[in-house]
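Trainee: Protein chains in written order, with the numbering used here: chain S, 259 to 544; chain B, 10 to 463.
Hint data in this document are derived by calculation from the structure and do not stem from the laboratory. Owing to the predicted nature of the structure, the values given are computational and were not obtained by experimental measurement. Built from N, CA and C at the ideal position, the CB exists for glycine as well. Check the hints yourself; a few may be wrong.
Said to hold, decoys possible - What the simulated footprint calls covered on chain S by chain B, stretch by stretch (three residues with Cβ under 8 Å from a Cβ of chain B suffice, anywhere in the stretch; the number is not a length):
no., segment
1, 293-299
2, 380-392
3, 396-403
4, 490-496
5, 505-519
Said to hold, decoys possible - DSS-like, lysine-lysine: derived pairs with alpha carbons at most 25 Å apart:
no., chain 1, residue 1, chain 2, residue 2
6, B, K209, B, K266
7, B, K440, S, K485
8, B, K218, B, K440
9, B, K108, S, K485
10, S, K320, B, K109
11, S, K300, B, K109
12, B, K109, S, K479
13, B, K218, B, K398
14, B, K463, S, K300
15, B, K409, B, K378
Below, each chain spelled out in residue letters.
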Amino acid sequence: MRMGYLFVGPMLLGVMIFTLIPMIFSFTLSFTKWSFVTGFDKIKFIGLDNFRALFQDDVFLKSLGNNFIMLLAVPIGMVIALLLAVVISNHVYAPGAFKVIYFMPQISSVVAVAVVWQVLFHPSYGPVNGFLSALGMDNPPKWLADPNFALPSVMLLMIWIDLGVSLIIYNAGLKNIPADLYEAATIDGASKWAQFRSITLPLLTPTTFFLLVTGIIGNFKSFALIKVLTDGGPAHSTSVVVYDMYQTAFVDLQTGYASSMVMILFLCLLAITALQWIGQKFWVNY
Amino acid sequence: MKKNMFMLVLISVLLVVLAGCGNSASNTNNASPNSSASSEPEATGESPATAEPVTIKVAHWSPEADITPILEAYEAQHPNVTLEYVELSDSGDSVAGMKKLDLLVASGEDLDVAFMPGATDYSQRAGLGLMTPLNDLIAKEGITLSDEYSIDPTIDGNIYALPDTLENYFVLLNKDKLDAAGLAVPTEWTWEEYLEYAKKLTSGSGPSKTYGTYFHTWAMYWELALINQAKNNNLVNEGTVNIDSPEIRQSLELRSKAEQDQIAVPYADTISQKLAYRSEYFTQHAAMIVTGNWMIGSAGGSEEFPATFTTAFAPMPSNASGQPSGVSIANGNYVGILDKTKHQQEAYDFIRWYSTEGEQMQNVYSAWKKQDVDKFIASVKETALSPDKIDADSLAFVIKNALPAPLSVPPTYQGELEEAFTKETELYILKQQDLETTIKNAQQGLQKIVDANK
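Isolated chain S, as found in the complex (with noise of 0.2 Å):
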């Protein structure tokens, strides 16, 4: 038994060193007037002061707003996937390509990614738009450079990289449901539809909320697309809560206050993940 403690040890203390110390350390200094550069002696606490701040900040509620908008991504990305998975592993040849051609963005590096969307959509001579003029659209929309475009284009650009990952496993989750229901169903006389509803989608539902979960924590924490695509603009229509924090932190260097912004993020990430926990009993079969 002690020799287990041993064994886990290592593993304890990195936890320990790299995870919870500085979770603990950035809980505290949210409350704390403070700048990383500045040496520990000018910490000054401030209370709930930064908490105050942040609920009259516009620039953060409309980012956390944004983020609320972009969770949308997760669900309508898991329905492409679940719909082209289930096409892909019974009714096209060569499903092998497919699922290769649908991971390639996963792999590739997101900067490289970004930056071909970019002139993809370039507002003047870009091909979308120049497609849209041709089927005889008189003003296309500026893409990454209209405020109210550009969440939607940043949403479908992180649909369209993420869908390789879920198509993959809602086909390695296809692939776990039994043939000989789909027989008995078919012997019953069950239609295609009938049979998706009844089997396929119960059967995949611990895919789904596995998916759901991992996807609604990834999507609240997307940066570096953010990052490399828009910079948060044009005037913060695609700024979400981590890219504010590292605005805040690493250009305006106000630790104190970006802390705070990250408990907030922490916090709606744990209520959301809670929710799924208890919501799943009323949908998810094992």
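Based on these hints, arrange chain B on the given structure of chain S.
Mentor: The following block gives chain B in isolation, referenced to the frame of chain S:
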């Protein structure tokens, strides 16, 4: 219970061991510069008068190869001083350099001298208490700062850094296009005439269209008719928000007019493609740009952007005829001494030398008043890749007739102000809100920041 106790003990033991490792590691780190410094005296012992040898760590974002000759020149003159160069960015990127500087300072690196690219970065770091006040050292040397430098770096009565390079603004013009359009190089002009020039210089269509001008994303391009004022030329002057002013209105109207007449690179392209002003200008995508001294050398071409056409220079336009052209806020790099340094006097001697004679050596346009302008221009031409592509006459005219406005060092929260301001102006240029709403929202937004920082 017993098991838990055991685990607790084990973890704390491991923690102590690890902390011990950390300590000893940092000890050796600290020791190395000291030991290298103390091994120096044999080599430099021959200078009798000076005190014991010191090592000064100098941080700058320039590539090491550019800076080393100057540091070596200083070491040759001052045998007891060893300069250790800390390169903040391997690509010469000052923004990345400042992040690195902050991280180094935060992690306890014992830097002595740090350079800062511009008044915003300078005042931010001075406000955080990173820099040591130089008032006593300057008084000890017995100089009057305004006799020596054309920039006044005073913040609330304290001087935290010396001005290094001088940056003021002017217009770069593609002379080949200018000749083709039959236009003369302007020596005296207004923003209205600037737009007329831009209109006449616009030609072609589609992806190869040449626009008359290009405005970069920086905050200064939203306040063009403000930064050419001799006084009160910042967004916030002495605590008063300056948005609801004729100058800002004129600046925004200027931008909107250029955008609507399609004589400036569309703002949507600028932000969605993250355009850079160098590539826009040198690929002849834009025929004129408002820019600063750091582009004088580049006008002769660089490896990345060779000069394929002649560049002429024109003074900063004025707001209305009758007002003088060529007025612009003077900004520049600053060099200061970090608060934690142990060698204040030696570091001060070094930055005084660097910001005067050192500058002369590098041939940068410096804030030192005794710099020889003609020599500077001659050497710019000497070092340029294609010297004949720089129009020396107009360059000399612009430099000699420049009227650097005394820069009021911005408040420590200047970065936040600019961010809040450009957010509103972006909505304006992208036609999401009209001028009055923009002015009103920006005025309120900036006032909020000022109040929060009182």
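Trainee: Take the hints in turn and mark each one as holding or not.
Mentor: Hint-by-hint comparison with the structure:
1. Under a criterion of three residues with beta carbons nearer than 8 Å to beta carbons of chain B, the stated coverage of the segment 293-299 of chain S is upheld, 4 such residues being counted.
2. Beta-carbon proximity to chain B at under 8 Å applies to 4 residues in the segment 380-392 of chain S; the threshold of 3 is reached and the given coverage holds.
3. By the rule of at least three residues with a Cβ nearer than 8 Å to a Cβ of chain B, the coverage given for the segment 396-403 of chain S holds, with 4 such residues.
4. Evaluation of the coverage hint for the segment 490-496 of chain S: fulfilled, as 4 residues show C-beta separations to chain B shorter than 8 Å, against a requirement of three.
5. With a threshold of 8 Å between beta carbons, the proposed coverage of the segment 505-519 of chain S by chain B holds, since 5 of its residues qualify and at least three are required.
6. A distance of roughly 14 Å separates the Cα atoms of K209/B and K266/B; the hinted pair therefore holds under the 25 Å criterion.
7. Taking the CA atoms of K440/B and K485/S, the gap is near 24 Å; set against the 25 Å cutoff, the hint holds.
8. With a CA separation close to 23 Å, the supplied pair K218/B and K440/B stays within the 25 Å bound.
9. A C-alpha spacing of about 16 Å is found between K108/B and K485/S, which places the hinted pair at or below 25 Å, so the restraint holds.
10. For the suggested pair K320/S and K109/B, the alpha carbons sit about 29 Å apart, so the restraint of at most 25 Å is broken.
11. Distance hint between K300/S and K109/B is fulfilled; the C-alpha atoms sit about 21 Å from each other, no more than 25 Å.
12. Restraint check: the Cα-Cα separation between K109/B and K479/S comes to about 24 Å, which is no more than 25 Å; the hinted pair holds.
13. A threshold of 25 Å between alpha carbons decides the hint, and for K218/B with K398/B the separation of about 23 Å falls inside it, so the pair holds.
14. Under the criterion of a C-alpha separation no larger than 25 Å, the hint pairing K463/B with K300/S is consistent with the structure, at around 18 Å.
15. Distance restraint check for K409/B and K378/B: the Cα-Cα separation of roughly 12 Å lies within the 25 Å cut-off, and the hinted pair is therefore satisfied.
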